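Below, each chain spelled out in residue letters.
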Amino acid sequence: DTGVSQDPRHKITKRGQNVTFRCDPISEHNRLYWYRQTLGQGPEFLTYFQNEAQLEKSRLLSDRFSAERPKGSFSTLEIQRTEQGDSAMYLCASSLWDRDRGNEQFFGPGTRLTVL
Amino acid sequence: AQSVTQLDSQVPVFEEAPVELRCNYSSSVSVYLFWYVQYPNQGLQLLLKYLSGSTLVESINGFEAEFNKSQTSFHLRKPSVHISDTAEYFCAVRTIIQGAQKLVFGQGTRLTINP
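Protein chains in written order, with this note's numbering: chain H, 5 to 120; chain F, 2 to 116.
Calculated from the structure, these hints are not laboratory results.
All figures in this text were calculated on a predicted structure; none of them were measured in a lab.
Zero decoy hints are in this set.
One side only, chain F facing chain H, incomplete, derived with CB under 10 angstroms:
1) Tyr33
2) Phe91
3) Cys92
4) Arg95
5) Val105
6) Phe106
7) Gly107
8) Gly109
Using N, Cα and C, we set each Cβ at its ideal position, and we do this for glycine too.
Throw the hints in and build the complete structure from the sequences for me.
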């Protein structure tokens, strides 16, 4: 399967713990995105990378959140001191710059985080 | 800033009936428009998109959407639905500005097909 993959698919943690999620984009894609989706809502943009550079961050990304893409391939999203409000589905997407295709973003299956 | 409103959170229809899922957007600049579908326990998949040209765009499984600039709408339609169309549908926009990358999504519409 050559799609976007995310690991783990599910994570249950206790409030105050740190968690880290991984995203592996489609191999030739140079852009990678993180979104968060809460129950009954559409995905909300968190941040995006072009290669290893983090070019945009949403105000939703508080200082407890950090994302990296060290070699321009896979990315990690870490949440420190988790809170119950962090419970959500965390989605990763990737794209290849292509003006004619509108930089179509391909989404992974998501990591569902539950903070107890 | 952009925003997307999907007017119906849930739409129940009978199999083989027509359906329309409504989407309106707000933006001060031109946008690209997308419909994504999320089947149960699966990730988001692109259903169709409007970038330029003909305002009517179609998907391979019989859905179509029409971009209406004056009404800032991008409603999704299908003349005859199937049980397999049961899913959540998300409308999204992205601004046509160099460097703009984020998708702004609506709240989603859950389409339920009854036999």
